[in-house]
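Colleague: Quick note, the sequences are listed as chains A and B, same order. The opening position of the first sequence corresponds to residue 0 in numbering that gives the first Met the number 0, with each subsequent residue numbered one higher. The opening position of the second sequence corresponds to residue 0 in numbering that gives the first Met the number 0, with each subsequent residue numbered one higher.
Hints were generated in silico from the structure; no laboratory data involved. One or more of the hints may lead you astray.
Stated by the list, open to error - Below, a list of computed lysine to aspartate or glutamate pairs in the DMTMM-like style, where the Cα atoms sit at most 25 Å apart:
{"#": "1", "chain 1": "A", "residue 1": "K282", "chain 2": "B", "residue 2": "E163"}
{"#": "2", "chain 1": "A", "residue 1": "K351", "chain 2": "B", "residue 2": "D350"}
{"#": "3", "chain 1": "B", "residue 1": "K282", "chain 2": "A", "residue 2": "E357"}
{"#": "4", "chain 1": "A", "residue 1": "K216", "chain 2": "B", "residue 2": "E347"}
{"#": "5", "chain 1": "A", "residue 1": "K216", "chain 2": "B", "residue 2": "E270"}
{"#": "6", "chain 1": "A", "residue 1": "K326", "chain 2": "A", "residue 2": "D110"}
{"#": "7", "chain 1": "A", "residue 1": "K216", "chain 2": "B", "residue 2": "E256"}
{"#": "8", "chain 1": "B", "residue 1": "K337", "chain 2": "B", "residue 2": "E231"}
{"#": "9", "chain 1": "A", "residue 1": "K282", "chain 2": "B", "residue 2": "E231"}
{"#": "10", "chain 1": "B", "residue 1": "K351", "chain 2": "A", "residue 2": "E231"}
{"#": "11", "chain 1": "A", "residue 1": "K282", "chain 2": "B", "residue 2": "E230"}
{"#": "12", "chain 1": "B", "residue 1": "K282", "chain 2": "A", "residue 2": "E230"}
{"#": "13", "chain 1": "B", "residue 1": "K216", "chain 2": "A", "residue 2": "E230"}
{"#": "14", "chain 1": "B", "residue 1": "K216", "chain 2": "B", "residue 2": "D170"}
{"#": "15", "chain 1": "A", "residue 1": "K282", "chain 2": "B", "residue 2": "D350"}
{"#": "16", "chain 1": "B", "residue 1": "K216", "chain 2": "B", "residue 2": "E168"}
{"#": "17", "chain 1": "B", "residue 1": "K282", "chain 2": "A", "residue 2": "D110"}
{"#": "18", "chain 1": "B", "residue 1": "K282", "chain 2": "A", "residue 2": "E231"}
{"#": "19", "chain 1": "A", "residue 1": "K351", "chain 2": "B", "residue 2": "E231"}
{"#": "20", "chain 1": "B", "residue 1": "K351", "chain 2": "A", "residue 2": "D350"}
{"#": "21", "chain 1": "B", "residue 1": "K84", "chain 2": "B", "residue 2": "E163"}
{"#": "22", "chain 1": "B", "residue 1": "K351", "chain 2": "A", "residue 2": "E357"}
{"#": "23", "chain 1": "A", "residue 1": "K351", "chain 2": "B", "residue 2": "E230"}
What follows is the residue order along each chain.
2 protein chains.
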Amino acid sequence: MAETPLRFGILGCANIARKVSRAMILSPNSTIVAIGSRSLEKAVEFAKENGFPASAKAYGSYDAVLDDPEVEAVYIPLPTSLHLKWAVLAAQKKKHLLLDKPVALNVKELDLILEACESSGVQFMDATMWMHHPRTVKMKEFLSDPQRFGLLKAVHSVFSYTGEPGFLEKDIRVNPELDALGALGDTGWYCIRAILWANNYELPNTITALPYPEFNKAGVILSCGASLSWEENHKTATFYCSFLTNLSMDITVLGTEGSLRVQDFVIPFQEQSAVYHENVNLKFAHLSIGCEPLPSEHVVATDLPQEARMVREFSSLVGVIKREGSKPEKKWPIISRKTQIIVDAVKESIDKGFVPVEIVY
Amino acid sequence: MAETPLRFGILGCANIARKVSRAMILSPNSTIVAIGSRSLEKAVEFAKENGFPASAKAYGSYDAVLDDPEVEAVYIPLPTSLHLKWAVLAAQKKKHLLLDKPVALNVKELDLILEACESSGVQFMDATMWMHHPRTVKMKEFLSDPQRFGLLKAVHSVFSYTGEPGFLEKDIRVNPELDALGALGDTGWYCIRAILWANNYELPNTITALPYPEFNKAGVILSCGASLSWEENHKTATFYCSFLTNLSMDITVLGTEGSLRVQDFVIPFQEQSAVYHENVNLKFAHLSIGCEPLPSEHVVATDLPQEARMVREFSSLVGVIKREGSKPEKKWPIISRKTQIIVDAVKESIDKGFVPVEIVY
Numbered sequence: 000m001a002e003t004p005l006r007f008g009i010l011g012c013a014n015i016a017r018k019v020s021r022a023m024i025l026s027p028n029s030t031i032v033a034i035g036s037r038s039l040e041k042a043v044e045f046a047k048e049n050g051f052p053a054s055a056k057a058y059g060s061y062d063a064v065l066d067d068p069e070v071e072a073v074y075i076p077l078p079t080s081l082h083l084k085w086a087v088l089a090a091q092k093k094k095h096l097l098l099d100k101p102v103a104l105n106v107k108e109l110d111l112i113l114e115a116c117e118s119s120g121v122q123f124m125d126a127t128m129w130m131h132h133p134r135t136v137k138m139k140e141f142l143s144d145p146q147r148f149g150l151l152k153a154v155h156s157v158f159s160y161t162g163e164p165g166f167l168e169k170d171i172r173v174n175p176e177l178d179a180l181g182a183l184g185d186t187g188w189y190c191i192r193a194i195l196w197a198n199n200y201e202l203p204n205t206i207t208a209l210p211y212p213e214f215n216k217a218g219v220i221l222s223c224g225a226s227l228s229w230e231e232n233h234k235t236a237t238f239y240c241s242f243l244t245n246l247s248m249d250i251t252v253l254g255t256e257g258s259l260r261v262q263d264f265v266i267p268f269q270e271q272s273a274v275y276h277e278n279v280n281l282k283f284a285h286l287s288i289g290c291e292p293l294p295s296e297h298v299v300a301t302d303l304p305q306e307a308r309m310v311r312e313f314s315s316l317v318g319v320i321k322r323e324g325s326k327p328e329k330k331w332p333i334i335s336r337k338t339q340i341i342v343d344a345v346k347e348s349i350d351k352g353f354v355p356v357e358i359v360y
Numbered sequence: 000m001a002e003t004p005l006r007f008g009i010l011g012c013a014n015i016a017r018k019v020s021r022a023m024i025l026s027p028n029s030t031i032v033a034i035g036s037r038s039l040e041k042a043v044e045f046a047k048e049n050g051f052p053a054s055a056k057a058y059g060s061y062d063a064v065l066d067d068p069e070v071e072a073v074y075i076p077l078p079t080s081l082h083l084k085w086a087v088l089a090a091q092k093k094k095h096l097l098l099d100k101p102v103a104l105n106v107k108e109l110d111l112i113l114e115a116c117e118s119s120g121v122q123f124m125d126a127t128m129w130m131h132h133p134r135t136v137k138m139k140e141f142l143s144d145p146q147r148f149g150l151l152k153a154v155h156s157v158f159s160y161t162g163e164p165g166f167l168e169k170d171i172r173v174n175p176e177l178d179a180l181g182a183l184g185d186t187g188w189y190c191i192r193a194i195l196w197a198n199n200y201e202l203p204n205t206i207t208a209l210p211y212p213e214f215n216k217a218g219v220i221l222s223c224g225a226s227l228s229w230e231e232n233h234k235t236a237t238f239y240c241s242f243l244t245n246l247s248m249d250i251t252v253l254g255t256e257g258s259l260r261v262q263d264f265v266i267p268f269q270e271q272s273a274v275y276h277e278n279v280n281l282k283f284a285h286l287s288i289g290c291e292p293l294p295s296e297h298v299v300a301t302d303l304p305q306e307a308r309m310v311r312e313f314s315s316l317v318g319v320i321k322r323e324g325s326k327p328e329k330k331w332p333i334i335s336r337k338t339q340i341i342v343d344a345v346k347e348s349i350d351k352g353f354v355p356v357e358i359v360y
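Could you build the full structure based on these sequences and the hints that come with them?
Modeller: Structure (structure tokens):
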């Protein structure tokens with residue numbers, strides 16, 4: 000039996016909503032029924048430009064989307080400062096919630112959102128697309144292999160980009176009223192998620208921000224880094240995130256028996272397939288004049304773009320809730336919350352002068 | 000006019016001396032005239048096994064090598080604790096000095112060695128082989144290109160390996176009497192050098208070791224990491240070095256316009272040529288459903304193995320001193336000393352509980 004497609008409403012006409020609208024159209028178990036903007040004209044235009052179904056409604060407010068009984072789920076790509084208000088309202092109106100990252104300005108706000116979702120029995124998921132690429136599954140299989148990868152020892156991740164001209168002057172991501180977390184909330188979110196993902200979402204004991212982050216005049220972070228440390232097994236991780244450095248999207252994971260490298264983890268260089276590299280039991284050759292065996296390249300094809308797989312997964316989880324009256328899948332809010340805990344700790348370490356921040360949980 | 004080959008003596012039969020002996024034979028401007036070991040038998044055996052010229056002498060002591068007037072230069076692959084004594088003695092006996100890394104247990108010891116070299120007018124170079132690969136030159140050209148790479152923002156480097164079975168029990172590199180710096184002195188040396196190399200040898204302002212390094216029972220470092228930070232231009236670097244993690248040898252250098260990645264910087268996977276990758280002005284494609292242009296792979300062939308190029312460069316510098324009576328090239332002792340300054344600072348940060356250590360210079 001084919002699932003009834005999940006009926007999405009979208010709050011706002013953010014640029015990223017173009018990509019996610021396309022994903023909703025590509026995904027076989029979802030459809031778009033409404034979009035709301037503070038400007039009705041913008042909403043109408045957006046729906047037209049992005050190939051929305053003819054039946055999709057355009058509204059001149061976000062409230063109208065939430066009040067539309069046809070809307071079962073909402074995607075919220077609004078600036079982070081607006082998440083608390085609109086995510087809580089959406090949950091209260093029983094809309095399942097696909098929320099863009101960073102999900103909140105801090106864990107306290109996120110907890111209010113998650114409580115609202117739990118009270119209403121709606122599914123929560125953050126829109127971290129790479130989590131849904133089949134490459135991510137393959138890479139995790141490798142990291143879980145005791146013979147080929149062994150025990151995890153160290154992770155390094157990077158996400159940086161320089162944005163279009165004018166980005167540093169006017170983008171919402173560098174406006175303290177809209178996205179106070181700056182590069183840490185935007186690009187750092189991915190680095191932190193990658194580190195947690197590699198560590199099976201085990202929180203570190205200590206987080207220390209690196210000295211000399213960059214800020215704009217309004218005090219918004221434009222670049223920063225941090226180290227994460229686990230007392231058990233002496234695991235370590237570092238990351239660097241920036242709006243001032245050419246596009247880079249690396250994860251390097253080192254284990255006792257092998258290592259993994261990927262250079263486009265956030266958005267694969269190409270849409271149809273994505274690559275990663277494994278080193279397995281790499282050793283120096285005789286006399287140490289070379290190494291063997293050579294790293295192996297792994298290409299993972301995908302049936303749908305990763306964002307469409309995200310929409311499909313979200314819609315499928317909501318489908319289960321609708322059909323079986325079950326409770327929402329807990330995995331997604333849990334990993335969002337862990338990611339936010341680290342974001343908060345890095346921010347705290349920066350604010351306090353790069354002191355180590357202990358994670359208490 | 001062909002150079003007269005530089006006449007090398009070797010102190011000790013360390014494993015690494017097999018590779019460097021081969022390099023001395025491969026290099027067109029050097030030859031081996033003597034090897035000394037505490038055991039004459041071992042020295043004789045070593046010379047035979049490693050294809051030494053029939054005229055090469057085997058001695059039952061290091062002193063005998065230093066007292067041989069035919070020996071113009073010595074290569075010292077002894078454990079680090081012995082460097083001060085034998086390097087100073089070699090310099091005093093007017094032998095040019097190719098000294099394995101880590102060059103000393105600390106800067107104070109290194110300064111005594113460098114002072115002895117300067118007094119005697121002999122050339123000093125540490126045996127950090129990758130510095131001499133033509134790939135290193137090519138990569139530096141890329142990092143110096145304002146259009147393709149831009150300004151440097153961040154570096155990450157890794158060197159780890161797990162050693163042969165028994166390594167952790169009996170290798171000199173984990174014996175506090177012989178190599179008290181452990182993985183920091185051995186593998187960390189390369190990471191630190193890579194970071195300095197990328198930064199044009201500009202010393203950072205602050206160094207902070209990462210929490211939870213690993214030690215053996217004797218207190219020798221088996222794995223550790225650190226961050227290096229430059230106040231000017233907010234540059235940052237991190238590294239991880241280990242004896243407990245599968246072989247990894249990465250440098251990732253991020254700039255405002257491009258980025259560079261190499262995965263075998265210490266010892267290229269293959270001897271004849273070596274690879275690195277450039278990203279130049281990488282951007283998200285339309286709708287951010289991919290990126291362009293794709294990274295480019297660069298293959299750099301080498302006329303000689305990097306260690307033979309190192310020997311050739313060293314011999315050539317000594318040749319200039321011999322022919323022209325000039326002073327030794329200062330570049331090499333200067334970068335050895337800067338590397339040792341960072342090694343010391345990481346050690347100090349670890350010993351003091353991972354506090355930031357300011358570099359005063």
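Colleague: Now, for every hint given, state plainly whether the structure supports it.
Modeller: Right, here's what the structure says about each hint:
no., hint, verdict
1, A:K282 to B:E163, "9 Å, holds"
2, A:K351 to B:D350, "23 Å, holds"
3, B:K282 to A:E357, "36 Å, violated"
4, A:K216 to B:E347, "35 Å, violated"
5, A:K216 to B:E270, "50 Å, violated"
6, A:K326 to A:D110, "18 Å, holds"
7, A:K216 to B:E256, "23 Å, holds"
8, B:K337 to B:E231, "18 Å, holds"
9, A:K282 to B:E231, "39 Å, violated"
10, B:K351 to A:E231, "21 Å, holds"
11, A:K282 to B:E230, "38 Å, violated"
12, B:K282 to A:E230, "38 Å, violated"
13, B:K216 to A:E230, "17 Å, holds"
14, B:K216 to B:D170, "14 Å, holds"
15, A:K282 to B:D350, "31 Å, violated"
16, B:K216 to B:E168, "10 Å, holds"
17, B:K282 to A:D110, "35 Å, violated"
18, B:K282 to A:E231, "39 Å, violated"
19, A:K351 to B:E231, "21 Å, holds"
20, B:K351 to A:D350, "23 Å, holds"
21, B:K84 to B:E163, "29 Å, violated"
22, B:K351 to A:E357, "18 Å, holds"
23, A:K351 to B:E230, "17 Å, holds"
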